[in-house]
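J.: Chain by chain, the residues:
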Amino acid sequence: MDFLGIIIILVKVLVVFAATLLTVLMMVYAERRVSAFMQGRLGPNRVGPQGLLQPIADGIKFLMKEDIIPAGVDKPIFILAPAILLIPALMTFAVIPFGSDIILFGRQIPLQVADVNVGILYVLALTSIGVYGIILAGWSSNSKYSLLGGLRSSAQLISYELAMGLAVVSIILLSGSLKLNDIVADQQGYFFSWNIFKQPLAFIIFLVAVYAETNRLPFDLSEAEQELVGGYHTEYSSMKFAMFFMAEYANMVTAAALTVTLFFGGWDFPLVNEASLGIWGVVLSVLSFILKMGFFLFLFIWVRWTFPRFRYDQLMKLGWKVLLPLALFNIFITAGYLTIKALA
Amino acid sequence: MGIVIKSYEPTFWDKLYFPALVKGLMVTLRYFFKRKVTIQYPDQKHIPPDGYRGLHRLNKYDDGRIRCVACEMCSAACPADCIEIVPGPAPWEGGKERHPVKFEINLLTCIFCGFCEMACPEKAIELTEIYDFSDYSREDLLIDRDGLLEVYDLTKNQNYYSRTDKSETSET
Chain A
4 MDFLGIIIIL VKVLVVFAAT LLTVLMMVYA ERRVSAFMQG RLGPNRVGPQ
54 GLLQPIADGI KFLMKEDIIP AGVDKPIFIL APAILLIPAL MTFAVIPFGS
104 DIILFGRQIP LQVADVNVGI LYVLALTSIG VYGIILAGWS SNSKYSLLGG
154 LRSSAQLISY ELAMGLAVVS IILLSGSLKL NDIVADQQGY FFSWNIFKQP
204 LAFIIFLVAV YAETNRLPFD LSEAEQELVG GYHTEYSSMK FAMFFMAEYA
254 NMVTAAALTV TLFFGGWDFP LVNEASLGIW GVVLSVLSFI LKMGFFLFLF
304 IWVRWTFPRF RYDQLMKLGW KVLLPLALFN IFITAGYLTI KALA
Chain B
4 MGIVIKSYEP TFWDKLYFPA LVKGLMVTLR YFFKRKVTIQ YPDQKHIPPD
54 GYRGLHRLNK YDDGRIRCVA CEMCSAACPA DCIEIVPGPA PWEGGKERHP
104 VKFEINLLTC IFCGFCEMAC PEKAIELTEI YDFSDYSRED LLIDRDGLLE
154 VYDLTKNQNY YSRTDKSETS ET
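Residue numbers (my numbering), protein chains in the order written: chain A, 4 to 347; chain B, 4 to 175.
Simulated from the structure, these hints should not be mistaken for lab results. Accuracy of the hints is not assured; some may be wrong.
What the hints assert, rightly or not - Here are the simulated DMTMM-like cross-link-like pairs (lysine to aspartate or glutamate), alpha carbons at most 25 Å apart as the crow flies:
1) B:K63 / B:D149
2) A:K68 / A:E228
3) A:K320 / A:E164
4) B:K159 / B:E120
5) A:K201 / A:D185
6) B:K126 / B:D156
7) B:K159 / B:D66
8) B:K63 / B:E75
9) B:K105 / B:D46
10) B:K48 / B:E153
11) B:K37 / A:D316
12) A:K320 / B:E12
13) B:K105 / B:E132
14) B:K99 / B:E153
15) B:K26 / A:E34
16) A:K324 / B:E12
17) A:K15 / A:D104
18) B:K159 / B:D46
19) B:K126 / B:E87
20) A:K324 / B:D17
21) B:K18 / A:E164
22) B:K99 / B:D65
23) B:K18 / A:D316
24) B:K63 / B:D156
25) A:K320 / B:D17
26) B:K126 / B:E107
27) B:K39 / A:E34
As the structure is a prediction and not an experimental result, all values here were calculated from the model.
Bound conformation, chain B alone (with noise of 0.2 Å):
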């Protein structure tokens, strides 16, 4: 058996039409006064949320040595073949033997998937919350290796954009 479905039958009221304007004049009004959404963007910085894939760092331990032992997974790991790494002995006694001589990143092939992050076993590469790096030419977005270890210098230890600390529950 189907069902009746019975169609729309304006009444009386409805088709006065006034009464459902005034309605649609209520709901732009209460937008009027509500909250507005805009971030009004070199004054105010939209905070990203945690996890937000940014721009990369390269960490580093508390007494100045990468964390870096060059394994080169993390530039296996890219699907976009964008970080270029060439290994070197490490300049320090003790601990790690290996470091990058050269690390590279080409900011501009790089999609941001966060794979190197998960590939590297010594949780040295890692991508912060910064989204706003833009530059003027195709060389000045090739990051190298001291600049991302000064990305790691201004995102250690607190957000970029909020300035809140987030020593506590920083893992390194």
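For reference, chain A alone in the conformation it holds in the complex (with noise of 0.2 Å):
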């Protein structure tokens, strides 16, 4: 590889790890400001205007905070858990195409860090390792909460995994390919050529699941305050819980994105032909994404604000007996599908 391409690789990665630690801050902001204003209050609004620089008061606050390190905890686990949990969920956005592609110094530029073969495995492998850091943040806690809340967790993600896995793979059926980038050619076009329409099912089976992934409500059953304390984190304070913080909503980010990916065209603009359009196409594509991203975004926060947690038999109970099924129906319909297309 030539030297200007590894600087092209570099600012790309520069830009995409940058944009997703920007989006992970304004979500910290955008929580509080929507909950606030779901609950007919304000909010923060006092840093800054509107409030805009409250998560970095929020950062600076957790900077300056005593470090505590419990005295029995497995020291070095302690302190590596929650970079196990933060470092994958960075990682993820590298596969998510953002943008068609540019033609810059004469050569076409993919809007995308890394164009993985088997871009769905990789987001799926990386957050699989994303538990690990849970189920050890709490196992070297040395408490109960924080293992509790860790062994939630995991048991979470494995049931809700296989869910959210054998809706992709409905998707991957379709497209024929592991590839982000061909599921989202396999997007383009008009209107109705979007995955939500063709594989509604699958859609809702991967959004629940997603809920489920990223620890969020109704299924943040690893930190539910009223029976666990804090959860995985109960013992950790100062930027280490800041991490575990920053974690969660870096999932969201890529979740919110792989959601668009993978059922709302990626970053097609519908009825619009982007590579056509030269720049302004390439402009347009990326705003289309972010726009998309953000509905997802804020839709994580609205259903957090309005429904109750599950009971956590009710939540294995969804998981295996509803979604599983339903799932793996999916997949037979689709498959069905595409085989009497090719013998017909």
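Each of the two chains sits in its own frame; use the hints to bring them together as a complex.
T.: Here it is as structure tokens:
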């Protein structure tokens, strides 16, 4: 690979990394503000215009706080756990295409950090690594609440990952590729070519599973404060706690981006051929991606402040007895349809 | 004959759950755009309704004489026993012959029941709408005669918070 190519990739990495972190900051602010609005309050509006600098104030506060490591914790793992959770959460965004190809310096640059052949598998694999962070945090804390939170979280992730993976399988069947670029390309064209219209059932299963995967309400059993104090991060403080927080929001960003990529045509703007518009096509595609992602990020918050938490047995029942059979049924229908189509 | 109550049977529509979820989401979305109830206190102040029982005041006549004749009806009526009055001869000619030399209310003991207001035959003591009069020491919350008269000057012609003129409705 030549020098310019490396520079371009580094720039892309930097841009995506910065954008993800910025979105995480915005989400911290948005969560507090939107939740306040939904409860008829105003929320943080003092730091900066409309309180927009609130996440910075929060960040400074987290940095200044005393970092307590309780006696009896498994120190190396205790320190490592937040990093194990945060790093995969930030890495996942690498394979997501966030715009159509841009032509710069006489070469075609895909707006995607890494065009991995098995993009979907990469995402699923990395989200599974995140579970280690949670369970190791719970285990090393040497506290019953943390351990229970970690256990719940891992059990929940395993049960919902199955349903999520199977919902994605039906998408893969349609596009015939694990590459996220191919999946986006498959949804190009007119409005109804988006996968949401072809696979509404898979979308619903995927959406529910994503909420369980990111440990968000109504599935935030791993940090059910009424039962488990703080869940897996009960014993954490200062920046280590902030890292768990960031990981949660980074996971949300990735999950929203993945939902858009898989079901809402990725960066596709309906009825427009982005490639023919030159630079404006690129801008349009990136904007449409951001807009769609923004909606799903809002949905995350919206859902959180609307629904109560599931009971643990209800959660398991929903995962294994409803979502899993539904996903299998959906695959069966999709595969059957494709087989008949191929025969005819 | 008893009444047969049919227990709730969820229909297929109910069992889908998603319509109900969407309904719930719409409720929160409606609140998202509704007017917010927050009053940003030091910047905006809640305006109490008429008849609010807040800080006391001692009323004066237009020429500056104190209406109070130190009859001690209010301190007798006070269930918290927070009013201390020392009467004395009035310094001005004509009209009232008595006036309070000392008129002290302990705001920490006061329960703001308004009985003093009711007991007063001269309409001299009244409760105003002022509610934010907290202070740093117990001594500062003993309000004396001059303090009470100052409160009268503050609230005589206007509402303390909304600054609206209330001279038309005022009896004094």
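J.: Evaluate each hint against the coordinates.
T.: Hints versus structure:
no.	hint	verdict
1	B:K63 / B:D149	11 Å, holds
2	A:K68 / A:E228	22 Å, holds
3	A:K320 / A:E164	14 Å, holds
4	B:K159 / B:E120	16 Å, holds
5	A:K201 / A:D185	16 Å, holds
6	B:K126 / B:D156	16 Å, holds
7	B:K159 / B:D66	14 Å, holds
8	B:K63 / B:E75	17 Å, holds
9	B:K105 / B:D46	36 Å, violated
10	B:K48 / B:E153	21 Å, holds
11	B:K37 / A:D316	36 Å, violated
12	A:K320 / B:E12	20 Å, holds
13	B:K105 / B:E132	24 Å, holds
14	B:K99 / B:E153	21 Å, holds
15	B:K26 / A:E34	21 Å, holds
16	A:K324 / B:E12	21 Å, holds
17	A:K15 / A:D104	13 Å, holds
18	B:K159 / B:D46	23 Å, holds
19	B:K126 / B:E87	18 Å, holds
20	A:K324 / B:D17	18 Å, holds
21	B:K18 / A:E164	24 Å, holds
22	B:K99 / B:D65	14 Å, holds
23	B:K18 / A:D316	18 Å, holds
24	B:K63 / B:D156	9 Å, holds
25	A:K320 / B:D17	18 Å, holds
26	B:K126 / B:E107	17 Å, holds
27	B:K39 / A:E34	17 Å, holds
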